[in-house]
Amino acid sequence: MSFVTRGFSGRNRERDPRLPPGQTKVEDWPVLSAGPTPKIDTADWSFTVTTETGAQTHWSWDELRALGIEDITTDIHCVTHWSKLEMPWRGVPIDKILAGIPTHAKYVMAHSYGGYTTNVPLDELLNGQAWVAFEAEGVPLDPEHGGPARLLVPHLYFWKSAKWVNGLTLMDKDDPGFWEQAGYNLHGDPWKEERYW
Amino acid sequence: MTAAARTAWYTGTVVEARPETSSARRIVIDVPDWPGNDAGQHLDVRLTAPDGYQAQRSYSIASAGAGTRVELAVDELPDGEVSPFLVEDLAVGDKLELHGPLGGYFVWMPQAVTQDARPVQLIAGGSGVVPFLAMVRAHADAADPTPFRLLYAVRQPDDVFYRQELAKLAADGLQIDYVYSRTAPHDWPVPAGRITKEALAGFAIPASDKPRVYICGSTGFVELIAGWLIELGHDAGDIRTERFGGK
Numbered sequence: 001m002s003f004v005t006r007g008f009s010g011r012n013r014e015r016d017p018r019l020p021p022g023q024t025k026v027e028d029w030p031v032l033s034a035g036p037t038p039k040i041d042t043a044d045w046s047f048t049v050t051t052e053t054g055a056q057t058h059w060s061w062d063e064l065r066a067l068g069i070e071d072i073t074t075d076i077h078c079v080t081h082w083s084k085l086e087m088p089w090r091g092v093p094i095d096k097i098l099a100g101i102p103t104h105a106k107y108v109m110a111h112s113y114g115g116y117t118t119n120v121p122l123d124e125l126l127n128g129q130a131w132v133a134f135e136a137e138g139v140p141l142d143p144e145h146g147g148p149a150r151l152l153v154p155h156l157y158f159w160k161s162a163k164w165v166n167g168l169t170l171m172d173k174d175d176p177g178f179w180e181q182a183g184y185n186l187h188g189d190p191w192k193e194e195r196y197w
Numbered sequence: 001m002t003a004a005a006r007t008a009w010y011t012g013t014v015v016e017a018r019p020e021t022s023s024a025r026r027i028v029i030d031v032p033d034w035p036g037n038d039a040g041q042h043l044d045v046r047l048t049a050p051d052g053y054q055a056q057r058s059y060s061i062a063s064a065g066a067g068t069r070v071e072l073a074v075d076e077l078p079d080g081e082v083s084p085f086l087v088e089d090l091a092v093g094d095k096l097e098l099h100g101p102l103g104g105y106f107v108w109m110p111q112a113v114t115q116d117a118r119p120v121q122l123i124a125g126g127s128g129v130v131p132f133l134a135m136v137r138a139h140a141d142a143a144d145p146t147p148f149r150l151l152y153a154v155r156q157p158d159d160v161f162y163r164q165e166l167a168k169l170a171a172d173g174l175q176i177d178y179v180y181s182r183t184a185p186h187d188w189p190v191p192a193g194r195i196t197k198e199a200l201a202g203f204a205i206p207a208s209d210k211p212r213v214y215i216c217g218s219t220g221f222v223e224l225i226a227g228w229l230i231e232l233g234h235d236a237g238d239i240r241t242e243r244f245g246g247k
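Top to bottom, those sequences are chains A and B. Under our numbering, the first residue of the first sequence carries the number 1, and numbering increases by one thereafter. Under our numbering, the first residue of the second sequence carries the number 1, and numbering increases by one thereafter.
Just so you know, these hints were derived from the structure itself, not from any lab. Idealized CB from N, CA, C, for every residue including glycine. Any given hint could turn out to be false.
[Claimed, not checked] Coverage of chain B stretches by chain A, computed from C-beta distances (three or more under 8 Å per stretch; other residues unrestricted):
| id | stretch |
| --- | --- |
| 1 | 47-57 |
| 2 | 60-66 |
| 3 | 90-99 |
| 4 | 227-234 |
Produce the complete structure using the sequences and hints provided.
The structure is reproduced here in structure tokens:
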């Protein structure tokens with residue numbers, strides 16, 4: 001249904017092939033959060049995986065980082081139409097966190113300090129697709145950007161990369177998280193423009 | 001309303017466009033199929049160039065309710081791509097593609113719907129006042145009994161959006177507090193200056209009244225205000241935020 005907008009020619013004429021449809025490249029890093037920024041001391045931080053049977057595994061800050069930190073360079077895409085390209089990140093892959101945890105679950109709900117939730121299919125968190133990240137652009141994550149740790153799932157719109165993440169709950173059935181209940185897509189693939197319901 | 005189920009692409013026609021401030025413009029768009037929107041929701045505008053190049057941006061909606069006239073107030077960003085077009089080039093009669101209504105969290109609905117009688121504190125920084133226009137209009141239109149208070153921080157008097165309408169709402173009983181960071185009106189009782197925690201404590205409904213708080217503004221403004229409100233005893237779960245810009 002698109003039509004030419006009278007008088008519009010656009011300024012950022014270079015169309016970077018790394019940009020999914022409807023996205024614009026930014027150099028700064030916009031902040032979008034539904035509520036106040038929680039302040040979490042890493043001494044008090046913990047991470048919990050809960051399986052579909054209710055079994056829980058906990059890690060402290062040091063324990064989680066000891067699983068092995070990887071360097072990642074990736075593009076990120078926010079549903080509000082901005083993308084940041086070639087961002088360096090550091091974090092622990094979800095593969096290492098879930099290794100050895102028996103499950104038949106197909107879906108995951110990520111939980112955060114402050115109460116935020118977001119749902120992701122389990123197979124999209126594995127095989128080097130997702131991390132619990134502590135650093136971006138060479139410095140520890142600012143609280144506004146989700147520090148001390150956020151989920152990093154860069155192949156999905158960035159609301160899936162839950163700020164202030166503190167746990168994953170493995171689920172048999174998909175269940176909408178915070179924004180997904182408020183009209184945003186259950187899956188969120190930027191290349192398919194899965195923004196909203 | 002369940003906005004989620006009704007989000008779609010619509011075509012609208014600009015029926016009014018006039019300066020709001022020296023850098024912002026009020027744009028009224030007639031969207032015959034618009035399903036209505038809740039106060040505080042936003043929409044995406046998509047512009048298409050002759051060669052197919054497209055740009056999309058999100059804007060808060062200043063109007064609310066069941067009408068088919070959608071109102072935006074767009075502040076021009078100096079290095080922007082879409083806002084300069086909307087503020088300088090868009091003309092009455094032009095057609096626009098709009099996707100919405102969007103967002104189901106930063107919204108206010110009347111007490112008749114929510115059964116929530118707690119007072120509401122709105123805190124705007126600059127053009128962050130736009131979703132609050134929708135809220136105070138919806139509140140007035142519904143003759144809603146919920147106590148409302150608006151704190152509006154601007155650089156200078158000329159930056160105030162919807163000055164006349166806010167003055168009328170204030171005359172009708174809406175409590176509005178202005179904070180001027182750079183230049184205050186000549187008869188203003190305090191010198192211009194950035195908002196302080198003490199000033200916020202004086203202007204905002206106290207935590208003991210359990211208000212629902214909405215904050216909209218730049219990232220720095222929202223971080224500052226939300227942090228102070230937590231220190232003043234507000235529950236983080238009662239504070240909803242909408243931010244623009246980076247850090």
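Hint check:
For the stretch 47-57 of chain B, the stated coverage by chain A holds: 9 residues have a C-beta nearer than 8 Å to a C-beta of that chain, and at least 3 were required. Restraint check on the stretch 60-66 of chain B versus chain A: 0 residues with Cβ-Cβ distances below 8 Å, three needed, restraint violated. Proximity of the stretch 90-99 of chain B to chain A, defined as three or more residues with a beta carbon under 8 Å from a beta carbon of that chain, is established by the 7 residues found. Proximity of the stretch 227-234 of chain B to chain A, defined as three or more residues with a beta carbon under 8 Å from a beta carbon of that chain, is established by the 3 residues found.
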